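Residue strings, one per chain:
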Amino acid sequence: MTTIRVTTEVNGDRVEFLADPRETLLDVLRDKLGLTGSKEGCGTGDCGACSVLLDGRLVSSCLVLGVEAEGRKVETIEGMAPGEELHPLQRKFLEHAALQCGFCTPGFLVASKALLERNPDPTEEEVRYWLAGNLCRCTGYDKIVRAVLDAAAEMRGAG
Amino acid sequence: MAKDDVKQAYKLVGTRVLRPDGLDKVTGRARYGADFAMPGMLYGAVARSPHAHARIVSIDASKALALDGVKAVVTRADLPEGLTGEDWNLQENAMAGEVALYDGHAVAAVAATSALLAKDAARLIEVDYEVLPHVTDVDEAMKPDAPVIRPGAADHTVPDGMPPNVVKYFEFGRGDVEAGFAQADLVRERTYRTEATHQGYIEPQACVGQLGSDGKGEMWVTTQGQWYVRKMCADLLGLGVAQLRVTPSEIGGGFGGKTTVFMEPLSLALSRKAGGRPVKLVMDRAEVLRATGPTASASMDVKIGMKADGTMTAARAEFRMQGGAFPGSPVNEALECAFAPYKLAAVEHIGYDVLANRPKAAAYRAPGAPMGAFAAESLIDEMARELGLDPIELRLLNVVEEGDRSSYGPKFKRIGLREVLEATKVHPNFSVPLGPNQGRGVATGFWFNYNGDTSVSMAIAEDGTAQVAVGTPDIGGGRASIGLMVAETLGVPYEAVRINVVETGALGINEPTHGSRATFATGKAAVLATEQATREMCRRAAADWGIDPDAVEWVEGAAQPAGPNAGKFPPMSIAEIAGNMSNTGGPIAGHWEGVPRGVGASFGTHVADVEVDPETGRVTVLRYLVVQDAGRAIQPDYVEGQYQGGAVQGIGWALNEGYVYGADGRLQNAGFLDYRIPVASDLPMIDTVIVEVPNPGHPFGVRGVGETGITPPLPAIANAVAAATGVRLADLPMNPPRVLAAIRSRMDD
Numbered sequence: 001m002t003t004i005r006v007t008t009e010v011n012g013d014r015v016e017f018l019a020d021p022r023e024t025l026l027d028v029l030r031d032k033l034g035l036t037g038s039k040e041g042c043g044t045g046d047c048g049a050c051s052v053l054l055d056g057r058l059v060s061s062c063l064v065l066g067v068e069a070e071g072r073k074v075e076t077i078e079g080m081a082p083g084e085e086l087h088p089l090q091r092k093f094l095e096h097a098a099l100q101c102g103f104c105t106p107g108f109l110v111a112s113k114a115l116l117e118r119n120p121d122p123t124e125e126e127v128r129y130w131l132a133g134n135l136c137r138c139t140g141y142d143k144i145v146r147a148v149l150d151a152a153a154e155m156r157g158a159g
Numbered sequence: 160m161a162k163d164d165v166k167q168a169y170k171l172v173g174t175r176v177l178r179p180d181g182l183d184k185v186t187g188r189a190r191y192g193a194d195f196a197m198p199g200m201l202y203g204a205v206a207r208s209p210h211a212h213a214r215i216v217s218i219d220a221s222k223a224l225a226l227d228g229v230k231a232v233v234t235r236a237d238l239p240e241g242l243t244g245e246d247w248n249l250q251e252n253a254m255a256g257e258v259a260l261y262d263g264h265a266v267a268a269v270a271a272t273s274a275l276l277a278k279d280a281a282r283l284i285e286v287d288y289e290v291l292p293h294v295t296d297v298d299e300a301m302k303p304d305a306p307v308i309r310p311g312a313a314d315h316t317v318p319d320g321m322p323p324n325v326v327k328y329f330e331f332g333r334g335d336v337e338a339g340f341a342q343a344d345l346v347r348e349r350t351y352r353t354e355a356t357h358q359g360y361i362e363p364q365a366c367v368g369q370l371g372s373d374g375k376g377e378m379w380v381t382t383q384g385q386w387y388v389r390k391m392c393a394d395l396l397g398l399g400v401a402q403l404r405v406t407p408s409e410i411g412g413g414f415g416g417k418t419t420v421f422m423e424p425l426s427l428a429l430s431r432k433a434g435g436r437p438v439k440l441v442m443d444r445a446e447v448l449r450a451t452g453p454t455a456s457a458s459m460d461v462k463i464g465m466k467a468d469g470t471m472t473a474a475r476a477e478f479r480m481q482g483g484a485f486p487g488s489p490v491n492e493a494l495e496c497a498f499a500p501y502k503l504a505a506v507e508h509i510g511y512d513v514l515a516n517r518p519k520a521a522a523y524r525a526p527g528a529p530m531g532a533f534a535a536e537s538l539i540d541e542m543a544r545e546l547g548l549d550p551i552e553l554r555l556l557n558v559v560e561e562g563d564r565s566s567y568g569p570k571f572k573r574i575g576l577r578e579v580l581e582a583t584k585v586h587p588n589f590s591v592p593l594g595p596n597q598g599r600g601v602a603t604g605f606w607f608n609y610n611g612d613t614s615v616s617m618a619i620a621e622d623g624t625a626q627v628a629v630g631t632p633d634i635g636g637g638r639a640s641i642g643l644m645v646a647e648t649l650g651v652p653y654e655a656v657r658i659n660v661v662e663t664g665a666l667g668i669n670e671p672t673h674g675s676r677a678t679f680a681t682g683k684a685a686v687l688a689t690e691q692a693t694r695e696m697c698r699r700a701a702a703d704w705g706i707d708p709d710a711v712e713w714v715e716g717a718a719q720p721a722g723p724n725a726g727k728f729p730p731m732s733i734a735e736i737a738g739n740m741s742n743t744g745g746p747i748a749g750h751w752e753g754v755p756r757g758v759g760a761s762f763g764t765h766v767a768d769v770e771v772d773p774e775t776g777r778v779t780v781l782r783y784l785v786v787q788d789a790g791r792a793i794q795p796d797y798v799e800g801q802y803q804g805g806a807v808q809g810i811g812w813a814l815n816e817g818y819v820y821g822a823d824g825r826l827q828n829a830g831f832l833d834y835r836i837p838v839a840s841d842l843p844m845i846d847t848v849i850v851e852v853p854n855p856g857h858p859f860g861v862r863g864v865g866e867t868g869i870t871p872p873l874p875a876i877a878n879a880v881a882a883a884t885g886v887r888l889a890d891l892p893m894n895p896p897r898v899l900a901a902i903r904s905r906m907d908d
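Chains as they are written, first to last, in this note's numbering: chain A, 1 to 159; chain B, 160 to 908.
Bear in mind the hints are in silico, worked out from the structure with no lab data behind them.
Treat the hints loosely; a few may be bogus.
Unchecked claim - Have a look at the derived ranges for each label pair, beta carbon to beta carbon:
#1 Phe331(B) / Arg118(A): 54 to 64 Å
#2 Asp227(B) / Lys73(A): 29 to 39 Å
#3 Ser840(B) / Lys73(A): 21 to 31 Å
#4 Met200(B) / Asp13(A): 42 to 52 Å
#5 Glu654(B) / Asp13(A): 28 to 38 Å
#6 Arg118(A) / Gly399(B): 52 to 62 Å
#7 Asp13(A) / Ser840(B): 29 to 39 Å
#8 Asn659(B) / Asp13(A): 25 to 35 Å
#9 Arg897(B) / Arg118(A): 33 to 43 Å
#10 Glu154(A) / Val714(B): 35 to 45 Å
#11 Phe331(B) / Glu154(A): 50 to 60 Å
#12 Glu257(B) / Lys73(A): 50 to 60 Å
#13 Asp13(A) / Glu581(B): 24 to 34 Å
Stated by the list, open to error - Which chain A residues stay away from chain B? Per the calculated CB distances, all over 12 Å, these:
#14 Gly12
#15 Glu68
#16 Arg72
#17 Leu94
#18 Leu116
#19 Asp121
Every value quoted in this text rests on a predicted model; they were computed, and no experiment measured them.
For each residue, glycine too, the CB sits at the ideal point set by N, CA and C.
Chain A extracted, bound-state conformation (with noise of 0.2 Å):
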């Protein structure tokens, strides 16, 4: 088997790893790097747990191989608080129990802190459609959409 050596930025970190060119960048993260706070649940794509951003672009982990990782930044869930102090969503999140069994929690405060930065001031339509490509089976979204709105305001009024 052939691995390939590959160095990378993640969380602000420079990492070196061996990838098995078969393997994916969530792979790499969570079995490799030891940052499971993402999540694979379904490795085709089409639920969001495993959501980070690749260079500031939102991306399913589980669709972008570790090897594509080289010379890049990678932002997780792990990177989103690094001090004491909670991002404003995550504080959001907690504030309007926007999460039950959690699992899915990671990839849409990582999918909403990239459509804050994009979109300061998003409707409700806005924040359904850009969550539409994260999965929760437990909650009904309700609340997420209402802790991320509540995030966004509370964050431009800070601003």
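For this one, chain A is given, so just place chain B on it according to the hints.
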């Protein structure tokens, strides 16, 4: 105003506190099933049948075993023989014996040093199949010439002369239904069908299993019930139950589908064969859909008689359900729930549990009840429209109340269906004007709720904070609700209590988080355990004061003399008692084991507003209202969450979801792209009303809220589509092609 027996004013119960496991879950730290790794761990993969029904002629694993890094292969030959009943069913489902019974049925498993290698090796396992005729549809499976899935599988309930795939038969009721129909002004009879749906939890099954040649083992697993996993795995592998120690991970959804085992026993079998190294098994989504329990598919006849004013005179249901190649479809529960909201003097139920070449059904949120409600509530709605009656008034006319005999037998205790219907009637959603191609549907649903084996242990720490060991995994806020109840009972802040979901070695047996039981049963047990600890703390104070322990009571986190005759002593706080406990008799703890009595049934009514596109057949949900009796909402956010989540699963079942089998008996939509669960852009906000008619059988009035919410949506949506289009769809899902065909058939008339 008269007060209920249940205490009304609480400091903590009913408040919207943050969940104690929340921080871990928004930061990615929470560990789910696939997040565990152990030193020396191997990775497993499962080889599965591509055929719906096939005799296994031979299995050759030599090529797989020849790969560098492959450590073990197991087949059915590695599992003990001689199991009977449900143990045999579970073992046969975990690993096929002589015959593969459905597309996706496991036939062999392999352990290797990496996940990729294990998958490669599984593909190299050569299985020689002799393909057999198959059947996947319930009505087809009941035909006399249908392929027989397991001769002799019928139990004692099945009368002679039934088709061979009928394995259980149910018949119950009371009164003279024929006389009831004769008294009616309107009698209607219809047939309804629902397709199998999957629980659709986003986290696939995952575990790490370790088993030594000494018969001792450990497992880390995502499950609703670690003691169920322990018992099932031990039975399937021939181990002593207590020799296996099972630790539950955080759980990424279950909805009933994680109350049983699928590949979990295989990780132990692989581990034993690989010298006791831990083996990790994680399903992919296709495996989840093909080989873990969906719910049953159903074919249902319903007949109802009504007077012109809407009074129901008699009802009859005959339901057929297939739950895969094993007994256990929820046909009995479907029958019991179908007419439960109504007072009926004459009612008859007949049910057939049927085998088909599909995966073994598992529980799915209120098993059977959504199908039964779809059939019964669709017909009631059709008859209400024919008689020109308001759907709420019709239900109020026939409503069951305390003391009434239920359609399935027992008398109801205090229930809140009338209160639910009254609250629905006055909700603003119920009077929003509708436009063209829009319709409003109303339906009611029921679930029994449940108690089950429950063990809880709690202890007071040195500073007066408290720890509680519970056995029901937290699947949607359970730690928060149990923490609130314990803190309220103890008279301490919510933050002073830590709820720990513990492994099987730490408590007596517990049933899973199922049956809407955790807040009821674990909550009640936790309160009783806490009261044992507060009694002990009263004794410690009494000893210090030199008075009779009966003269001390526990009030707001402190022991104090009960009344003026007990003596004059300042209250002794929990912190003071706890800080001194080593000198006053040692540890202070409480525990409770048993089956908590006093289950309170619950009802809900949903109102769906939909718009149907007459050109495409697409149904859009415009507005959705859930009104349900919680008994008591301990943490209202999570009660609302259960209502909303249940409603949306039901909306998916009504409109999109369903297993699609090809003529070859293979599942055609084994992925989230084609098995389409609702996404955020499909839905409006889900409005909720929490009705609280306290359950006198629980210290805080809890009934349980998890399941009732999925019972009304199927008929509520169907009734709304009928109102919008003028045509009634009797088959689910009501996807665009079906709705369009129904609209066009109406135009052709």
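Status of the hints after comparison with the structure:
{"no.": "1", "hint": "Phe331(B) / Arg118(A): 54 to 64 Å", "result": "holds, 60 Å"}
{"no.": "2", "hint": "Asp227(B) / Lys73(A): 29 to 39 Å", "result": "holds, 36 Å"}
{"no.": "3", "hint": "Ser840(B) / Lys73(A): 21 to 31 Å", "result": "holds, 29 Å"}
{"no.": "4", "hint": "Met200(B) / Asp13(A): 42 to 52 Å", "result": "violated, 25 Å"}
{"no.": "5", "hint": "Glu654(B) / Asp13(A): 28 to 38 Å", "result": "holds, 33 Å"}
{"no.": "6", "hint": "Arg118(A) / Gly399(B): 52 to 62 Å", "result": "holds, 58 Å"}
{"no.": "7", "hint": "Asp13(A) / Ser840(B): 29 to 39 Å", "result": "holds, 35 Å"}
{"no.": "8", "hint": "Asn659(B) / Asp13(A): 25 to 35 Å", "result": "holds, 33 Å"}
{"no.": "9", "hint": "Arg897(B) / Arg118(A): 33 to 43 Å", "result": "holds, 38 Å"}
{"no.": "10", "hint": "Glu154(A) / Val714(B): 35 to 45 Å", "result": "holds, 41 Å"}
{"no.": "11", "hint": "Phe331(B) / Glu154(A): 50 to 60 Å", "result": "holds, 57 Å"}
{"no.": "12", "hint": "Glu257(B) / Lys73(A): 50 to 60 Å", "result": "holds, 55 Å"}
{"no.": "13", "hint": "Asp13(A) / Glu581(B): 24 to 34 Å", "result": "violated, 59 Å"}
{"no.": "14", "hint": "Gly12", "result": "holds, 15 Å"}
{"no.": "15", "hint": "Glu68", "result": "holds, 17 Å"}
{"no.": "16", "hint": "Arg72", "result": "holds, 20 Å"}
{"no.": "17", "hint": "Leu94", "result": "violated, 5 Å"}
{"no.": "18", "hint": "Leu116", "result": "holds, 15 Å"}
{"no.": "19", "hint": "Asp121", "result": "holds, 18 Å"}
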